[in-house]
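Novice: So the protein lines, in turn, are chains A and B. Counting the first sequence from 1 gives a position; my numbering is that position plus 5. Counting the second sequence from 1 gives a position; my numbering is that position plus 5.
Just so you know, the hints here were simulated from the structure itself, not pulled from any lab data. Given the structure is predicted, the values throughout are model-derived calculations rather than measurements. Heads up, some of the hints might be wrong.
To be verified - Selected chain A positions facing chain B (in silico; Cβ < 7 Å): (1) 18; (2) 131; (3) 133; (4) 137; (5) 161; (6) 192; (7) 194; (8) 196; (9) 202.
Yeah, the Cβ is synthetic: ideal placement off N, Cα and C, and Gly gets one too.
Number of protein chains: 2
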Amino acid sequence: MTADPTTRRGRPGYDRESLLRVAVTVFNDRGYDGTSMEDLANRLGITKSAIYHHVSSKTELLRLAVNRALDGLFAVVAEPESTNGPAAARLEHLVRRSVAVLVAELPFVTLLLRVRGNTEVERTALARRREFDGIVTDLVRQAIADGGIRSDVDPSITARLLFGMVNSLTEWYRPDRGHDIDGIADTVVAIAFQGLRTRG
Amino acid sequence: MTADPTTRRGRPGYDRESLLRVAVTVFNDRGYDGTSMEDLANRLGITKSAIYHHVSSKTELLRLAVNRALDGLFAVVAEPESTNGPAAARLEHLVRRSVAVLVAELPFVTLLLRVRGNTEVERTALARRREFDGIVTDLVRQAIADGGIRSDVDPSITARLLFGMVNSLTEWYRPDRGHDIDGIADTVVAIAFQGLRTRG
Numbered sequence: 006m007t008a009d010p011t012t013r014r015g016r017p018g019y020d021r022e023s024l025l026r027v028a029v030t031v032f033n034d035r036g037y038d039g040t041s042m043e044d045l046a047n048r049l050g051i052t053k054s055a056i057y058h059h060v061s062s063k064t065e066l067l068r069l070a071v072n073r074a075l076d077g078l079f080a081v082v083a084e085p086e087s088t089n090g091p092a093a094a095r096l097e098h099l100v101r102r103s104v105a106v107l108v109a110e111l112p113f114v115t116l117l118l119r120v121r122g123n124t125e126v127e128r129t130a131l132a133r134r135r136e137f138d139g140i141v142t143d144l145v146r147q148a149i150a151d152g153g154i155r156s157d158v159d160p161s162i163t164a165r166l167l168f169g170m171v172n173s174l175t176e177w178y179r180p181d182r183g184h185d186i187d188g189i190a191d192t193v194v195a196i197a198f199q200g201l202r203t204r205g
Numbered sequence: 006m007t008a009d010p011t012t013r014r015g016r017p018g019y020d021r022e023s024l025l026r027v028a029v030t031v032f033n034d035r036g037y038d039g040t041s042m043e044d045l046a047n048r049l050g051i052t053k054s055a056i057y058h059h060v061s062s063k064t065e066l067l068r069l070a071v072n073r074a075l076d077g078l079f080a081v082v083a084e085p086e087s088t089n090g091p092a093a094a095r096l097e098h099l100v101r102r103s104v105a106v107l108v109a110e111l112p113f114v115t116l117l118l119r120v121r122g123n124t125e126v127e128r129t130a131l132a133r134r135r136e137f138d139g140i141v142t143d144l145v146r147q148a149i150a151d152g153g154i155r156s157d158v159d160p161s162i163t164a165r166l167l168f169g170m171v172n173s174l175t176e177w178y179r180p181d182r183g184h185d186i187d188g189i190a191d192t193v194v195a196i197a198f199q200g201l202r203t204r205g
């Protein structure tokens, strides 16, 4: 195998995407507040001004990162299977596809879930998270109303528990452990919608 | 109403328990690594040496705090309902009672779940968490083997998802919002064991 010259670069470099990926990893390791642009430059092996060539500030990196996660989740909300059909089936689709987004954008979602609202970017991200939670809660409420899911659960608590399961993947899912993503999504949906108990 | 003289103190003071509670709150707010004994003294309104009257170090505060959470969870494991009877019922008991422990020891469990293993105390806490996860995983495995729960789920992933739901309470449960604890525990168990879908 010979090196493809089109993939070789004159010097080590980052585009905005690869720089963002490294930055998010560092934020997740050290905490966003605990990471300076100096720290990022050291980890990247480039100068601070080389970073500023791509982004205006550490805040912009945070904004790009949390929006990556949020845009992925809201794209699921907009899918036809999330907007058409019985509410319980739409809820099931939303849960299943959210697992896929979480895995695809794992470091970005991990960072999003740690955001606590200390800055404008963080407050905006939290507002979008609340909007997403509200959409899930409404779907639960509709599914209860039309008889698709049990009526003895609180819609808001149910939404939080469903995404407690989904979001827990940021704590234990590791791409290198050979976990089968479709299998995990199936298990989340099986537990949440059918339950663990055998019928009999 | 007159002040009860037995509840009045000559000067503001803390016993070890109340000092620990405040320390854990500060650790959760600022991060354990980001909190110095100086920070704690300032928050408590006492001197550092007054803190050292109760505990030998910041590390000891961390050890006391995470052990509070872990001891609570392992006490549930030792309850008769967790050790006798069909595995699915024992698993259900363990999940239900873990919700109660989590709520009773909320700041301590919150801190435990953030521990990442940078020190000996943290590594020991992580090892005890893994031991607990192993107990849950074994119960799932036994419940599958004896036909109490569905056989198409992976025991380890199921254990993690179950406690993903339970542990999510540290993210959204607030004692002052009038949440009904028994109702939340019932909802966790209903979702996990019976599922959301109506039978029909």
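Novice: Does each hint hold? Answer for all of them.
Specialist: Comparing the hints with the structure gives:
no.: 1; hint: 18; verdict: violated (32 Å)
no.: 2; hint: 131; verdict: violated (12 Å)
no.: 3; hint: 133; verdict: violated (16 Å)
no.: 4; hint: 137; verdict: violated (13 Å)
no.: 5; hint: 161; verdict: violated (9 Å)
no.: 6; hint: 192; verdict: holds (5 Å)
no.: 7; hint: 194; verdict: violated (10 Å)
no.: 8; hint: 196; verdict: holds (6 Å)
no.: 9; hint: 202; verdict: holds (5 Å)
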